[in-house]
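Asker: This is what each chain is made of:
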Amino acid sequence: AQSVTQLGSHVSVSEGALVLLRCNYSSSVPPYLFWYVQYPNQGLQLLLKYTSAATLVKGINGFEAEFKKSETSFHLTKPSAHMSDAAEYFCAVSVMGGYNKLIFGAGTRLAVHP
Amino acid sequence: DTAVSQTPKYLVTQMGNDKSIKCEQNLGHDTMYWYKQDSKKFLKIMFSYNNKELIINETVPNRFSPKSPDKAHLNLHINSLELGDSAVYFCASSQSRLAGGSSRTGELFFGEGSRLTVL
Chain A
1 AQSVTQLGSH
11 VSVSEGALVL
21 LRCNYSSSVP
31 PYLFWYVQYP
41 NQGLQLLLKY
51 TSAATLVKGI
61 NGFEAEFKKS
71 ETSFHLTKPS
81 AHMSDAAEYF
91 CAVSVMGGYN
101 KLIFGAGTRL
111 AVHP
Chain B
115 DTAVSQTPKY
125 LVTQMGNDKS
135 IKCEQNLGHD
145 TMYWYKQDSK
155 KFLKIMFSYN
165 NKELIINETV
175 PNRFSPKSPD
185 KAHLNLHINS
195 LELGDSAVYF
205 CASSQSRLAG
215 GSSRTGELFF
225 GEGSRLTVL
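In the order they appear, the protein sequences are chains A and B. If you count by this note's numbering, then the first sequence holds residues 1 to 114, one letter each, in order. If you count by this note's numbering, then the second sequence holds residues 115 to 233, one letter each, in order.
Since the hints were derived computationally from the structure, they do not count as laboratory data. Among the clues, some could well be false.
What the hints assert, rightly or not - Computed cross-link-like contacts, BS3-like style, restricted to lysine-lysine with a CA-CA straight-line distance of at most 25 Å:
| # | chain 1 | residue 1 | chain 2 | residue 2 |
| --- | --- | --- | --- | --- |
| 1 | A | K101 | B | K154 |
| 2 | B | K181 | A | K101 |
| 3 | A | K49 | B | K158 |
| 4 | B | K133 | B | K166 |
| 5 | B | K150 | B | K166 |
| 6 | B | K150 | A | K101 |
| 7 | B | K185 | B | K150 |
Note that the structure is a prediction, hence the values are computed from the model and not measured.
Excised from the complex, chain B in its bound form (with noise of 0.2 Å):
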C-alpha cells in the first residue's frame, strides 16, 4: 500500500484554467504538506495543515488554495493557471511532536509528485 499517494501524476493544462491535486496518507499521521519543486530542484514548502488546521501559509498567491476535508486528506486547488505555475508539487505528511506517537522525530514521508505543466 502506498503511504502517501498523489493524482493526478501528471497534468497538461492552459493557461487560465483551474486545475486540483489531490493527496492521501494512510500512515495515521495528523499533520500534511505542500511542496513545491521547480525546474531547478528547489524544494519550498507552500502549506501545512495539522488535523485539518492550517498551520503554515508560505507567501503562497491567492490563486492557490489548499482543502482538508480530513487529516488523512489534503487537496490543493489551483484557479487561473500562470506558466510560473508549472512545477511538480509534492505532498508530505508527518506526525507533529506534539501528538506525541512513535514518530516525533520531524521526518516528513513524500507522495511521488505531481508534475503540473502550463501551456
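Bound-form chain A, shown alone (with noise of 0.2 Å):
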C-alpha cells in the first residue's frame, strides 16, 4: 500500500530564507509523486509533480522538487521565501494504475516572517 509522511508539520522561516518541506513515500510500485498548496480557506491547488521523466522537477511560483528513489523522498524546496508562500503544503502518492486515487501526507503549515 502507498503512503505519504512529511516530516514537521510546522515549518517557520523568514522571508527571503531557504524553503525546505519534507516529504518520504512508501510504494511497492513506481509513484507518480505531487505537491499540492491549500491557502487560506481556498481548494488545492497544484505545485509541481512527478512522472517519471526527469527527476528534479520545477512547479510553480519557484518551487521545485527532487524524486530521491534511494531516499524514497520527494522533498519541495524553494530558494527565498515571500509573505505570500504562507500556506498549507501537501505532498501525496497516486498509484500508477487506471484510476487516479491520490493518498495525501499530513501536511505542512508553513509560515513566513518578516
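Using the hints, put the two standalone chains together into the complex.
Answerer: Below is the structure:
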C-alpha cells in the first residue's frame, strides 16, 4: 500500500530564506508524486508533479522538488521565501494504475516572517 | 470559468438533518472524487466515480451516499448528520489513465471546498 509522510507539521522561515518541506513516500510500485498548496479557505492547487520523467521537477511560484528513489523522498524547496508563500502544503502519492487515487500526507503549515 | 465548482460553500445545520453538496466539473474529465478534510487538515478520500460508476468507496458510513447523474456531476448526500461529520468536503476531478488523453499523469483538480458545520 502507498503512503506519504511529511516531516514537520509546522515550518517557520524568514522572508528571503530557503524553504525546505520534507516528504517521504512508501510505494511497492513506481509512484507518481505531487505537491499541492492550500491557501486559507481555498481549495488545493497543484504546485508540481513527478511522473517518472526528470527527477528534478520545477513547479509554479519558484518551487521545485527532487525525486530520490534511494531515499524514497520528494522534498519541496524554494530558494527564497515570500510572505505570500504562507500556506498549507501537501505531498501526495498516486498509484500507477488506471484510476487516479491520491493519498495525501498530513500537511505542513509554512509560516513566513518578515 | 470555474473548472470544479461546489455548492454550497458553507453549510450549517443541526444534528440529525439531511443535507446535500453538489459538484460540477467542466474539464471534460471522466473521474470525480469526494475528499474529506478534518479539523487537523488531514485529507482522506471518500468516494470516486468513473463515468458514473463507483470505483472507490473508502469505508464511509452508509449515511453518506454519492450520486453521479453524468460524468460531469458528482453529488454527496448525507443522512442523519452527526457532530463528527463537521469538516470541509472537497470535490475533485481527473482524467483516468485508462481513458488516455493529455492529462494521464494522475493529477486531481480540486474545487474550493464546502465547509459543513453540524451543531
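Asker: Hints the structure violates: just list their numbers, smallest first.
Answerer: As far as the earlier hints go, not one is violated by this structure.
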